[in-house]
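Listed below, chain by chain, are the residues.
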Amino acid sequence: MTADVHLDAMTVRFGPFTAVDRAELRIAPGEFFSFLGPSGCGKTTILRTISGFIDPTEGAVRIGGKDMAGIGANKRPTALIFQNLALFPMMSVADNVGYALRVRGQSRKQRQKRVDELLDLVALGDQGSKMVDELSGGQRQRVAIARALAVEPQVLLLDEPLSALDLKLRQHMRRELRAIQQRVGITFIYITHDQGEALTMSDRIAVMNRGRIEQVGDGRTIYDHPDTDFVASFVGETNALPGRVLEMTGETAVIETELGPLSGVNPRKLMRGSAAKLFIRPEALRPTSGEGLSALVTAVAYEGNLTHVSLLAGATPLAMLLGAGDGFAPPSPGETINLAVTHATILPVSDAGI
Amino acid sequence: MLASDGHPFVLLLPFVVVAGFWLLSLLDPKPVHRVSFWKRNGTAVSIFLIVAVGLWALFMIVLPQLFMVEMSFRPKLPPTAMGGARDIYTFENYRYFLYGSTRDSSNWNSLHLTAFFTTIFVSVLVTLFNFLFSYPLAFYMAQVATAARVRLLLLLLIAPYWINEVLRAFAFRVMFAGSGVINRALQGLGILSEPFDFLGNNVALYMGLSYAYLLLLVFPLYNAVESLDRRQIEAARDLGAPWWHIHLFIVMPHAKPGIASGCTLVLMLTSGALAAPLVLGGPRTLWFTPIVYDRFYQAFNWPQGSAYAFILLLTCVAFVLLVLRLTKLSLGEMTK
Amino acid sequence: MSSRHILKLMTGFYMLVFFTYLFGPLAIMGVTAFNTPSYPQAFPFEGFTWHWFDVLFADSDVLYGLKKSLTIGVFVVLLSVPLGLAGALVMQQINRRARSLYYLVVVSPVLTPGVIIGISTVIFWRDFTTLTGMRFMYDGMVLTVLGQSSFIAAYCMLIILARLQRFDRGLEEAALDLGASHTQVFFHVLLPFLRPAMLSAGVLAFLSSFENYNTTTFAILADKTLTTVLAGRVRQGTTPALSALAVTIIAVTVLGAIVYEVVKRREDARRDTKLRAAEALDAQEMVAA
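Chains as they are written, first to last, in the numbering used here: chain A, 1 to 354; chain B, 1 to 336; chain C, 1 to 289.
Same shape as in the complex, but just chain A (with noise of 0.2 angstroms):
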């Protein structure tokens, strides 16, 4: 079975702190949700509240329709994984998947086939007389998905799980973690300060930044069509050029930076003589022989299947990305070139910007 989670104006405070502020939001039954920000942000405030460590300060927080208030983390259909994964070092595996089943009157023989099954879900069937500390890292990541999974919580809450792992195995987990949601077909609510996690793994984002939700949206929206200059420059690599409006047409609009007016989309339909940002991913900045931007390239780093290349227009530094298959030379430290900017967004200043 599986819930939506509704955060209905929910404010927290830590004494004169606003940790989340007035976050609304609806996460649909079996979704994977995630929230992406730095830290600090409030998204380890947000989940602490949904299980129940917290009371928001104000508004409510919903699991299936039912407000949470008064309800302990004991009581509620959410289960939470915890950064350092919180398992039981005095307990075999075997029992720390069957905890929850234990401390509902449940004797180790009638938990036993509930314990297997869960097991045999993330693939450590053999593995349940263990002590934790003789499993490897990602094994561990999978007892503690077994043993929040035990008693079929509604909403499974995720805080960084994957943090501690290598990269190598992070990626692979990311992968199995996807599977493991979709076949058990539980909401999933998942917090991360890495954007690649939150990209391949999510349904949807939401983007925060100081205690406010920035942005909700599936991940192509929020990197391609950010909303703020905040999720603009966290979300990816980005070049941001500040300037003024010059006109507005339609769609796009003509800001004045300081390499000149340039063009790009306008989604929040920002008035003439307003302050604004251009930003430009570092794959919409392309080398042209015609006109264009002109720039030294000042360095030029080889990754494989990606060249990184660092520029320098007038005083402004730039960067660019070019794929292996873009058909382009890489350029040479030294050497000046033109600049083609293929897509542009414009954003409103805020100062919550980086």
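Simulated from the structure, these hints should not be mistaken for lab results.
Since the structure is predicted, the reported quantities are computational estimates derived from the model, not experimental observations.
Each hint should be verified, as a subset may be incorrect.
[As the list claims (entries may be wrong)] With a Cα cut of at most 25 angstroms, we get these calculated PhoX-like pairs of lysine-lysine:
1. A/Lys-130 to A/Lys-109
2. C/Lys-274 to A/Lys-130
3. B/Lys-39 to A/Lys-75
[What the hints assert, rightly or not] A few chain B positions that, by computed beta-carbon distances, are all more than 10 angstroms from chain C:
4. Ile-233
5. Phe-300
6. Val-320
Virtual Cβ for every residue (Gly too), placed ideally from N, Cα, C.
Put chains B and C on the given structure of chain A with help from the hints.
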């Protein structure tokens, strides 16, 4: 006021203490999102915690001390006179400690006063000697020796640590006896022509006292020195610091909490030692604890004994405060 | 000769002096336990004998005291480990302002001379049992257990507190999240985590109780324990039977220490293998991923 009226008053004190704690907890600014004590522990465990700590702190620590102090201000009376007109609070037990009489104050109680100050003086010397003697070992174990050797040394140290004080004192008595090994050896070497009375001259006592608590200094010192990063010493040596400079200005400041706690502990134990002076003391030996002991079991004067015990306690408190002041440490750092 | 050599020589000489001081008196006493003269004499060695051990084990007072000491030790463990546990948990939860006062109260017995603890225990319980009509509580063994526990519980608290500070509150939250009640968290997660510290505290409590003299000699009243019997004997006059007792105690201690060391080494070795196996698994997994 009659002294026996004191008891209900003293029995009220725990409630005063509890109320004090409660008031203190009210003063504390309310921390954000803290689970209450009852909720965090569950009812059963909460009750256990409160009962256990209440029993321990009040009935095993605070009240006994208060009763002892209260008794020290009462006169020694036969049971029939208790609660009578003569049962009043008085300083006579303390007066006795100073003047050797409950009324007359013309002469000092030189026997008890000398014993008291000798005890403190010798305890300080013994502690100092023990520190100097055990510091090199602690340093060697913490910074020089290999892990395997440290393990062996710790094993060697732990074995004698658990032999009780009485037997340790007994060992010294055997060794220093008139026909003991030391005397025989010294005579055999021609240094002495007849046995020397080590016991009567307190040599055995002072050595026995030093021996009794030596190891209690090694362990805290070892722990304190061990946490020092070896590279600091190497850096200092590299910069040309002489060895004594390294110890005085690098190792010892780092180990200050350990040194303070070890020395305080040894000082307390030495000045409060009972077994060693009883076993190793000669008839002319002056030590304070046996005098306290005698107040109870020779003179059967409990109020006076209480007064003497309280004087010893106050001395210890003064010492702890002095050490804390001198080293600028908090009690928590020292008793780690 | 280089200064390095001199340093080494000096270290060696110092070690020799230190350990001679530490073991010399015990060794001499040990020898007297096996020497025939009726006065404890190490030299000259007049003949080997087990006689003094026979005398020792035929001594009813010593045996009575031993039995009492062991019984008291067990009760002290049973009382001071729970007290120390409660003390440590309260220490961790009490608010900041009250903590320093609380700390002062519960740690003070460690820095109080044992005789004073003994005296105050006797005085308080004499009056208290009379006042409340529980005179049966005024018993040497009861008072000794209470008096010793007042400071031994503080040792236990310090040991348990050290481990408690390494406790990951996340484990508590994980258990709550899985549906455990707060009481279940205590018994399923916190207590098992503290078990090693409680075991060490128990061992320390027993040994401290067994060897205690200063508090016991007051609190035991008319009764006697091994140490008070010993003290009485030693004051009356020395006999090699006491040396024999010391030898027995040393032997038991050393045996215990060796067993402890062996168990610990085996444990360490096992943990090492486990750790290495887990690391190998990690490496394998990386390759597979």
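ask   = Can you name, in rising order, the numbers of the hints this structure does not satisfy?
value = Checked against the structure, the only hint that fails is number 6, while the rest are satisfied.
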